[in-house]
Amino acid sequence: MQYIIILIALVLVYLVMMHNSIVYAAMKVEESKSGIDVALSKRYAILTNMQESVKGYVKHESEVLQQVTKIRKAMSLQQLSNANEQMNQLKSRLIALAESYPDLKASDLFRQFQDSIVDCEDHLQAARRFYNSNVTLYNKKLLMFPTSIIASWMKKEKAEFFEAAMNEKGYVSVKI
Amino acid sequence: MSEQIEQVRQKGVKQFLIALIGALLVLFLLLMIPSTDRMPVLMFGGFGGLPIVLVVLGNAEKKYHLAYKDIFLRSLLENEFYDVTLNFEEGFSKEEIASGHLVRLYDRFYSDDYIAGKYKDVAFECSDIKVEDVVRSGKHTHVVTRFQGLYLKVNLKKEFTGWTVVREKEFLDNGNPRPFWSEMPEIEKVSVESEEFNQKFSIYTSNGEEAFYLLTPHFMEKLYEIERRYEGRCLFGFVCGQLHIAIDSRKDHFVLNLFEKVNEYRIAEHQAEIDTIKGIIELVAKECETTCNTL
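Residue numbers (our numbering), protein chains in the order written: chain A, 1 to 176; chain C, 1 to 295.
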């Protein structure tokens, strides 16, 4: 009888450990998603500053560079991807614009913005890779035995990769 | 130049031979004394003569090494690198190595052959280090070498505040470093996209996102290349804006035997050791700070 109780206790401890490992993995996914939010917000701030500085140079060509979606808390992965794509487009337009205006391209401020953008994109890449790595670990737990059983009891669903979401998004045009 | 070194070597060999012959003569005289008690002989052999001979040998060898390094190796290094600072007798301090949290310091720590300089506009510092563990089991005590090899530091371009270590995995992963880092704040183990890299290395970090920021696919390739190219277990640490590289090759660099003249084979070996430093810097140079700042 004692052995059965010990065995049941061991099984229970094991189940709790597996449950906690799934909860921890899910937590890491959420935590790393916030890293993407932060990197995108920083990129947004730099791009909007860059946009403001460009306006002075290209007054006669366009009135306003269209704003991209502002990063808010609790945005879905799809929304983040859309915002990221808008930022990519805005960046390309700004750089293309700078090519046509040598004064703008040569200005220290514009160079600083470009350096900041590069660093910001490195951070965004890191955040994306970190997020995807955590998603891989989490999804593995959901698929592999025996954690898959606990995960199905917990009604956990597979997490989405950041890149996968990017491929499905619809484009939002950014007009200069 | 080589005559000067040879003179130091011959003087050392002479000193050693005099000490050895002297010790053997005293031993012989002691054995000649008609006595059944051989204790004085053993006492002399064990606690007197042999250690004296070994001390003389050690000192002579040290002088020979220093003469070789000061006269020959210095010019070799000054030709290869610029803004060179050398200290062949000392290396990194124990505290400097401890602050990197890369190599665990056991009971004994030695460091020598400090080289600081610039190569391809990259400022670097390196030194040989050796860490020994005194293991006591019952009545027996023996010394185990835990690390011996090159320790190199370069400044990185990227700014970071956390701490990340990439360790080449050991047999059965018996080098689990978690107890060694017990005093450090939360450390997590992360895996990167490359399965090959994950199989070869373990990555521990205080900030997962920062680890991915530092370990770009391009940089991971370079670290893997260092592991492939150079013999020994590799450890890489990203600490306080610097990249620390430790290669546990179980080799003491730039050494010579007292009974061996400076020869082409040794010079080629030492040139290869210098090429190792150059090769590592070349591989990581793209990620390094290339300003005029020294470390």
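What the hints contain is simulated information worked out from the structure, not anything from laboratory work. Be aware that a few hints might be false.
Derived list of chain C stretches under chain A, where covered just means 3 residues or more per stretch with a C-beta under 8 Å from a C-beta of chain A [what the hints assert, rightly or not]: (1) 149–156; (2) 202–210.
Which bits of chain A does chain C cover? Going by a derived footprint, with three or more residues having C-beta under 8 Å, they are [what the hints assert, rightly or not]: (3) 10–22; (4) 115–126.
Lysine-lysine pairs mimicking BS3-like chemistry, simulated, CA-CA at most 30 Å apart [claimed, not checked]: (5) K42/A to K118/C; (6) K222/C to K140/A; (7) K251/C to K222/C; (8) K28/A to K118/C; (9) K158/C to K118/C.
Glycine residues also receive a C-beta, built at the ideal position from the N, C-alpha and C atoms.
* Asked: Within the assertion that chain A covers the segment 149–156 of chain C, do at least three residues meet a Cβ-to-Cβ distance smaller than 8 Å?
  -> As far as the segment 149–156 of chain C goes, the hint is violated, because 0 residues have Cβ atoms under 8 Å from chain A.
* Could you grab the alpha-carbon distance between K158/C and K118/C and see if it respects the 30 Å cut-off? => 19 Å, holds
* Count residues of the segment 115–126 of chain A with a Cβ under 8 Å from any Cβ of chain C, then say if the count reaches three. => Holds: 4 residues of the segment 115–126 of chain A have a Cβ under 8 Å from chain C.
* Under the criterion that the straight-line Cα-Cα distance not exceed 30 Å, is the pair K222/C, K140/A satisfied? -> 29 Å, holds
* Quick one: see if chain A covers the segment 202–210 of chain C, three-plus residues with Cβ-Cβ under 8 Å. => With 3 residues in contact (Cβ-Cβ under 8 Å with chain A), the coverage given for the segment 202–210 of chain C holds.
* Would you check chain C against the segment 10–22 of chain A, counting CB to CB pairs closer than 8 Å, and say if three or more residues qualify? => violated (count 0)
* Is K251/C within 30 Å of K222/C, Cα to Cα? -> 23 Å, holds
* Take the C-alpha atoms of K42/A and K118/C, compute the straight-line distance between them, and say whether it is at most 30 Å. => Measuring from Cα to Cα gives roughly 35 Å; hence the hint is violated.
* Pair hint outcome, K28/A versus K118/C [Cα-Cα no greater than 30 Å] -> 41 Å, violated
When each numbered hint is compared with the structure, violations occur for hints 1, 3, 5 and 8.
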